[in-house]
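**Q** Residue-level listing of the chains:
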Amino acid sequence: MSDKFVTDAWYVAAWSDELGPDRPLARIVLERPVVLYRRRDGSPVALEDRCIHRRLPLSLGRVAGDGIECGYHGLVFGADGRCRAVPGQPVVPAEARVRAYPTVERQRCIWIWTGDPARADPATIRDFPWLEAPGWGLVKLHARVPCHYQLIIDNLLDLSHLAYVHASTVGSRELAEQARVRTERLPDGVRVSRWTLDVPPAQTYLQFGRYAGNIDRWQISEFRTPCTFVIDNGSALAGTGAPEGAPGAQRWGFMVCHGITPETERTTNYFWALAHAFGADDPDGVAEFHRQSLQVIGEDIAVFEAQQRMIDLDPAAPTIDIGYDAGPLQARRLIDRLLAQQNAAPQRASA
Amino acid sequence: MFLRNHWYAAGFPDEIGRTLLARTLLGEDVLFYRRADGAPVALENRCAHRRLPLSMGALVGDAVQCGYHGLEYDHTGACIKIPGQHGVPNVRLRAYPLVERHRYLWIWMGDPALADPSLIPDFSRLDAPDVGVTRIQLKPDCHVQLVIDNLLDLSHLAYVHNTTTGNAALAEDAEVRTERRGDVVQVKRWVRNVVPAPTFVQFGGYNGRVNLWQVSEFRPPSYVRVSYGSAPADQPTPDGDDIWSHGHWGFAVFHGLTPESARATHQFRHVAHAHGLGDAQVTAEFYRQCDQIIREDLAIFAVQQRALDAEAGEAPPSAVNARVAIHADGGLLQARLINERLMREQARG
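Residue numbers (our numbering), protein chains in the order written: chain A, 1 to 351; chain B, 352 to 700.
What the hints contain is simulated information worked out from the structure, not anything from laboratory work. In this text, a Cβ means the ideal position worked out from N, Cα and C, and glycines have one as well. Be aware that a few hints might be false.
[To be verified] SDA-like cross-link-like pairs, simulated, lysine to any residue; straight-line CA separation at most 20 Å: (1) B:490 x B:375; (2) B:432 x A:174; (3) B:432 x A:267.
[Stated by the list, open to error] Beta-carbon label-pair distances, calculated as ranges: (4) B:388 x A:26: 52 to 60 Å; (5) B:355 x A:302: 25 to 33 Å; (6) A:17 x B:355: 50 to 58 Å; (7) A:302 x B:630: 45 to 53 Å; (8) A:282 x B:386: 44 to 52 Å.
Work out the full structure: start from the sequences and follow the hints.
**A** Here it is as structure tokens:
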């Protein structure tokens, strides 16, 4: 089943702070209904969100110790998915179990492995150290976006769109017109580095970088299959060496981490977090910067919704690719290759 | 699914200007704007690159710039700029013929080579200097055929609009004649020597009985014109749809009906009248009643469509499967048969 998505992978299922101590959380991950909850020691659990008896979502039940109790007839399932108790009968059928997904909580994220549990290696989880870096500020968002996840990957690997979609904040015309763009294939991803040199700062950069003159600006977007990003956004005074690898003068910027988790072919759970080292002494400035950043992500989501609406209206309408699509197209090829490998492999009963 | 080689009402001319307007017509998203010299433009509302609706972009002179990556298209739909690259591929968005006439924007949704403006319906009464006009724009949640049905069987006034233009006599005592000339269907109804309905009493100034006539005219695919006339019962009634002569009171209604999808229809309606023009209070109340009437129909369309969806799935209302035809259905069945024949002809190519 579910050969539309890469399953042997870690996906962000939730932000850590979305999952409280008592309340189960329902989420669809790669078309699989999942219930998340915490054990008594706080560690997260992810189970198939469907009672094996009469299919009620377990998320409508309640957390019971380290297990979860179905809200219909009281069947209790342990954190391993095995049914521990069926009220009113002494014997629990051997086949009474729901699927349990490997889960890891790290760097403010709850990661879930949707594929073969035997291959779930936590060492392959994407590193988001900025999300818990001491002294850094953070603004984050979880949005359920009505679009295919590929539209989000396209967006993040071609940041020329800032010039048009985010023209009132982080975008300026030069980002589309005169950027030096380099696309590199990584073993399991794509890095698109964009340098735009000696240009007037965009509004947000002017306001918070407090530049008096032109800047050199970089946007380095690193995609890893199937669906995470780290994007380094920064700037320094023009001509002070940043493009050559020097720190540069009056350096300003922020890191954005993205977890893109397909829900269905038309909906995606999007986890977006922006971390910044500046502003510890300026809470009002930080609040305004966060507002602008949330505006930016809201503008992107409006684009995704509109694109998906147009796809649904006429899926066969032809499209073209342009020069800046080298990165997005490489990412598609990587995902297509993983899907082809996955779907060529013998089907596993547990998948 | 839709008849393509026809002019359809796309909206009202003053709806478009130097901003970008999107409207879905016949299942296609269309972008409207005016060039700097005022000429109206209708283009496919979908960037050829990543499909963003161009209506989310901006006008740059007479060109439209996509709001995602800045691709620009001129008013013919040709791509003229891709930021950050020198060459521009030979890419062209669909451009739709568009004409402003009789207070409507008319768009040609089929083969542009066949777009002959002389095929636009004659709604020229709306341009006459001696008439008052009110308009409304609605989107009934139904297949366009249900709206046409409604306008070709005006016996429903007796039940749906009985606080304004309808009373029982319109359904019970009407003489109905359906005439067909080519693909034009006219349904004429006369009701003689009856007590007039409230709107006719209020604005026609009648004390006693009246003669009433209603003429609905359908032209494919979905233009409908309806005249409502009245005169004192002791005066002769005209054979046609004359509502403008001295001693008569009435009004003429013009409908531009354009499918948005198989389940939603754009309805652009004008009402023209010649009486009471000098009295703003009178016209305001008359226009209010006109709008009330069309909203009463709107509620019916939505319920009908739900019932059709429940039983028929995807199939549009059809003359063939009409379960129960009553005598008043003669006109609307003709209209359905005409549109079904044209659909078959279109499918054959």
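**Q** Given a hinted range of 25 to 33 Å, is it respected by the beta-carbon distance of residue 355 of chain B and residue 302 of chain A?
**A** With a Cβ separation near 31 Å, residue 355 of chain B and residue 302 of chain A satisfy 25 to 33 Å, so the hint holds.
**Q** Using the beta carbons of residue 388 of chain B and residue 26 of chain A, state whether their distance is inside 52 to 60 Å or not.
**A** holds, 57 Å
**Q** How does the Cβ-Cβ distance of residue 17 of chain A and residue 355 of chain B compare with 50 to 58 Å: does it lie in that range?
**A** holds, 54 Å
**Q** Decide if the proposed pair is consistent with the structure: residue 432 of chain B and residue 174 of chain A, CA atoms, cutoff 20 Å inclusive.
**A** holds, 15 Å
**Q** Are residue 282 of chain A and residue 386 of chain B spaced within 44 to 52 Å by their CB atoms?
**A** The hint (44 to 52 Å, Cβ to Cβ) holds, given that residue 282 of chain A and residue 386 of chain B are roughly 48 Å apart.
**Q** Are the Cα positions of residue 490 of chain B and residue 375 of chain B separated by 20 Å at most?
**A** Roughly 11 Å between the alpha carbons, so the hint for residue 490 of chain B and residue 375 of chain B holds.
**Q** Is residue 432 of chain B within 20 Å of residue 267 of chain A, Cα to Cα?
**A** Cα-Cα ~32 Å, so violated.
**Q** Range hint 45 to 53 Å: satisfied by the CB atoms of residue 302 of chain A and residue 630 of chain B?
**A** holds, 47 Å
Hint compliance for this structure: hint 3 is the single one not met.
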